[in-house]
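Novice: Using the sequences and the hints given, assemble the complete structure.
Protein chains in written order, with the numbering used here: chain A, 1 to 511; chain B, 1 to 183; chain C, 1 to 117; chain D, 1 to 658.
Some, not all, of what chain D presents toward chain C, calculated at C-beta under 8 Å:
1. Q632
2. A633
3. Q634
4. A637
5. A638
6. L641
Here are the in silico distance ranges between beta carbons for each label pair:
7. A:T465 with B:A165: 45 to 55 Å
8. A:T367 with D:P175: 17 to 27 Å
9. A:P452 with D:P71: 52 to 62 Å
10. A:P22 with D:T642: 47 to 57 Å
11. D:W585 with A:P452: 23 to 33 Å
12. A:T465 with D:H575: 48 to 58 Å
13. D:G40 with A:L488: 27 to 37 Å
14. D:P71 with A:L488: 26 to 36 Å
15. A:P22 with D:V606: 45 to 55 Å
16. A:A23 with D:T642: 40 to 50 Å
17. A:T367 with D:A7: 54 to 64 Å
It is worth saying that the hints were derived from the structure and are not from the lab.
Yeah, the Cβ is synthetic: ideal placement off N, Cα and C, and Gly gets one too.
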Amino acid sequence: MPWATAIVVLPLATALVVLAVPAGRAHLIRWVALAGTGAHLFVAGLATWAYWQAATPDAAVARTATTTKLYLVERHSWFPSLGIAYLVGVDGVSMAMVLLTSLVIFCGVLASWQVQDRAKEFFALLLLLVTGVFGVFVSFDLFLFFVFYEIAVLPMYLLIGIWGTGRKEMAAMKLTLMLMVGSALILVGFLALWWAAGGKTFDLTQLAQFRYDPALQHWVFPVVFIGFGVLGALYPFHTWSPDGHASAPTAVSMLHAGVLMKLGGYGALRIGVYLLPEGARDWGLFFMALTTVNILYGAFGAIRQTDLKYFTAYSSVSHCGFVLFGVASCNLLGAKGAVLQMVSHGVMTALFFALIGMVYGRTHTRTIPELGGLGRVMPWLATCFYIGGMASLGLPGLSGFVAEAHVFLGGFFGNAWTPPVYTRTLTIVATLSVVVTAVYVLRGLGAAFQGPVRDPHYLHLNDATLTERLSTGLLVAALVVAGVLPGLLIDLVEPPLFAVVNRLNALPGGL
Amino acid sequence: MSAETLRSALFWVFATLSLSLAWSVVGNRRLLRAAVALMGVLGCSAAFYALLGFGFLAGIQILVYVGGIVVLLVFLVMLTRTQALLEDEPTPWRHKVGVVAAVGFFVVNLWALASLPDAAVQGPVLGGDTRAIGRALLDAGPQGYVLPFEAVSVLLLAALVGGIAVARKVDVAALPPAEANHG
Amino acid sequence: MAELLHAGGSGLHAWLLVTSALFSLGIYGLLTRRNAVGILLSLELCLNAAAVQFAVFNALRAPGRVDGAVMALFVVAVAAAEVVVGMALFVLLYSQRRTVDVTELTGDGRDSAGGPP
Amino acid sequence: MSYAASAIVQHAWVIPALPLLSFLAVGLLVRPFSTRWAGGVAAASVALSAALSWWLAFDYLQFASPPGPLPTLLPWQTEWLRFQEGLRIDAGTLLDPASVLLVVVVTTVSALVHLYSLAYMDGEAGYGRYFAILNLFTFSMLGLVLAPNLVQMFVCWELVGASSFFLIGFWFDRPAAVAASKKAFVVTRFADLGFLVAILLLGHAAFDVRQQLGAAAGDLQALDFAFLGRSDVLAALASQAPVLGGMTALTLGCLLLFMGGAGKSAMFPLHIWLPDAMEGPTPVSALIHAATMVVAGVYLVARALPLFAAADGALTVVLLVGTFTALFAAAIACTQDDLKRVLAFSTLSQLGYMMLALGTCDGGDPTGHSAALFHLFTHAFFKALLFLGAGAVLHAAHTGDVWHLGGLRKPMPLTHALFLLATLAIAGIWPLSGFFSKDEILAAALHGGHPLVFTVGLGVAGLTAFYMARVYLLTFWGQPRREATAHAHEAPLTMVLPMGALAVLAAVAGFVPVSRWVALPGAAVHTGIDWAVAVPTTVVALVGFAAAGWLYAGDLGRSEAAAARLGRLYRALRHKFWIDEVYLWVTRKLIFRLVAAPIAWFDRMVVDGSMHGVGVLTRLAGAGVQAAQTGQAQAYAAWALTGVALVVGLLWAAARAG
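Specialist: See below:
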């Protein structure tokens, strides 16, 4: 069974089916989209099972490997003259990301149940977008990776520009332009990697065999890292994210903050650190410092926000900072923490944006001071908000804690070539964010959901509908499962990370 | 006076006439006069065709171009007359640009011309034979023109349909009374 | 008189000189006229000059063939099509804008709104 | 008989699992359908848990092989989180005297509070939610107590904090309750930052030690208490190079650990959240803010005592902070008007006692450790009783302001009797439990070579008697000072019964030989009464009573005169030394206004602005190009011809050159 291809093709096929439905039948369109994404969730689950079957015997080998072994591989020549191939497959990290994306898109479709305006185009574009995301996660040919990366970025422009709110055109433009700059950097990096390895192949597994010249790595690494960092909201290239998230429709925010921003961390880890260990060694500390700024800056920025979406967007900046911080700390704990944080933040922020969309759909405002006392009116939504908030501030038992604990330990343990005083200081500074996060989460949610009911009209609003309960309930369940049984996720993502870390550990100690 | 000399003299007569009329086409402030001058230029061109030995072409030129197209243009001029454009006098800047471009083009042409060897008409030209032209137009062979011919007919049809479609929207009754209409 | 229809009296250079001059005059008109119809007239001048030049080359360089003549015919046909479309456009334009002054036709997307700006 | 034969010792995990299951069941299944059942299920599960924990304590003591010390058992553990090899975090149940003691205390008080709440919370919106979170709290507290490693402790520690947050903010439409819950969470969270960094520091240091030990470390993981308590590990930790300011990772880690503990146990200056937390329902205050959660800090220090003892000076900090908090809070308690607030400051003061006792171990003599745990044990009962009594008063009179109460002993005789008993217990009157445990603490201070601390402790004992007598007299004696107070009535049976049970415990707990059971090796075990301590404490307590009686039993004008005479000191005490205001100033003015707001501004204006600036530059460049795009076909034609002319000109030049 070509699992990897199925993962990519299924959403695309669903998009085509959606396009074939007459535009007037919005209800049918929704059901098609839901069925398609539901089937995808199922297929992703089966694929995980297949991966698990294939990968478990290699678990011991993986601990000492220096190259990631792929599973469920499909390889077809595409442009043989340039060494471009259709090479798809999975490893633990990409499997985890595929599962996350499946879940988020499924819940995103559920959360978009109310979309009426041009529903057909909306769902088709959404599915196209997610096709790109899945493509990125399963492709192991850099060129194919880039193609999918662009597919993932571009529909965003239309989705925000057409179905967004507020200053949507500006936000869409800004987002697209900044991400394009990022992908230009990535392309430069990819071409450099391809060219330096002889210009024969874009195959990641083969490029990983090649030892790049440290001088080349020294300049390619920051290019690639910043290129991916733009999507991963690396300070100071994060400013597209608050505007973009605030303007995007619910499902797009969910997908974007939940999954698309993870492409940044994924790429930085998979391409940046993995292919360019010496570059990572040279630049690790710099990027740790920059992402520490990210973490605190996003958290402090969130305190002053009055729009729920800006609030969540700044908190995303902070949380995505953890991802890149983990990547930049260049050790197993950090890398694992980064991947766990990707999953955790993906679910959490998708939950947040889904809930914000639901609250906005009822109150028609996202301004926190205009809300108030909603906990009395919509207990389900408030409860889910608080669970998400608790995950966000790293409450143990929810997924955020596991990830942040890894990232902090990773930063604190540091690596062989950086003087520990730097990494530890940065880590301790970064831990301050747990307090700041508590402050802004409790302030924001308290103002919106606690206290007396602010507007008497709110008393007539109803709580979540069945689809909304299903969507948010699934995400909450994912947060809880990932938090209570972190071993499941760790077992999945750990083996391929050994390869990344073993390459780093094999480096001659720098400085 | 030999036929050669006569032809040469006729050529120069028509050339002078043609150029001066052309000057009027582009330079006359009153568009209607320019249109009439264009008619003259095209007439001269018919004479040129004749001098070159293309009798059929000359006839077509008179019939279609002068008699059809330019008449349309005259109508057009009259249909779109406005007070503001009654005198189409170029501004100095436009005039300069026009002169530079036209002269520049002419000079470039002259340069190209200088690289060509001169030649004269050698004898009767086949193009004078209407049947030959007809055959070439309907020839499906490698030297034939049947495809362009058909394409041009489609083009004409399209232009016809398009012209009707575009102009159909004009609801003359609904037009606001325009002071310019009587200029 | 019939003889006149069989051969040209002047050389290639003289012919081309005249057609080039005609074409150049057309360019001048093309660039200076404000009236769209005037531009169309100038364009006819250019087209006609080109058509004549086809005929000239045909007669003087390849008298055994008819390609130039055919091209000249095509030019006439294309000119007819062009005038038809141009006429339709300009009449419509005039009905909406009350002018065919090309300098007032700026592409700011408001053309369809109708009425003079 | 051995422990293997004891089902409950082997399956001690059932004790925390029951409230957890009940939390899930009540929260997800029962609550939407029936509030009555929600309360019933929740209370029943905790009651069952309490019964099991008594069984556990019984078996644990019964099967110990005398005469040796009680063993430390780890009957169940499973991998929970694998950071990396040697840094695995297990979930498990650690059974030793301290944890068994705490399990008993937590489940017993919790069960009684659940029972009490059935009536107390009757008719509240969110009744089911209340019980679900109360269950979650009980589970978390048990998990904390049974934690075999620092991380499990931290996990449950945070869960305890979160459930406390939700319980304090139970009436979430009251702004004061919302503010109090936020404050409690944020302040403790700030302290937990210390705990977290301590875990990082100690985890790293211990991991290094573990790597050095190699096979000698066995299967023990770096953050296991069993590993951290080993003498070779402690020696290795203590001999590590200093990391900051001459302190080793061990010392720094212990100080930060204490910061976490001080936050949860509301030690000065992190105490500010506890008085405000009284905005929550009173049973919650009884359970969380008197008997269980707030002692977590004490428990943490007690649990990590080997580390603290090995760390240079850490225990001295504990001693100082504990002593100061005991005095400071007791002094403030003398001036507060709200019944529950007085009890809250009293709790602070008693927690200070416990910390103080732990601090006296700095000389290497671990006697204070058992004294602290003993006091923790007794305090849980009498303080919970005091809170439940206050709750009964609140329930009846709808106000907690002592100046609005008065004369309640007639309409509420049972509550009065129980409150009096608890007052005597906390004041340390023989033969009630407070007498024994407080004396042990003071004895530990005296014999541990801290006479000054002993003196302060003695003073605090007097203050304790004074402020407890003050609120007791103002509440129950004299005449009702408000209409509502006059119509007060006795609490229902479901409220009185748990209070009665607690009263029995508060009365007899002093005779339980807790300090002998929990004694660390080397600790002096008290037998009988230490007259050198008992006499002075009883005397100061009686003096405190007498002073309160003189001021508050008869003419209340006397108290006003006394307050006036104290002047500035009285005002400072009433305003709690303006510490809340300082905090507000720091957070609002300094952090929000000088950090958060500038960052938000900087982000929008500078960072985003520079990104926009790039956009504007691009647009300007575009505008330059746009000028050529006039939409005028003639202009294009001119450009095209110019281009042609240029190209031909170039060709020409090339031809001439060639």
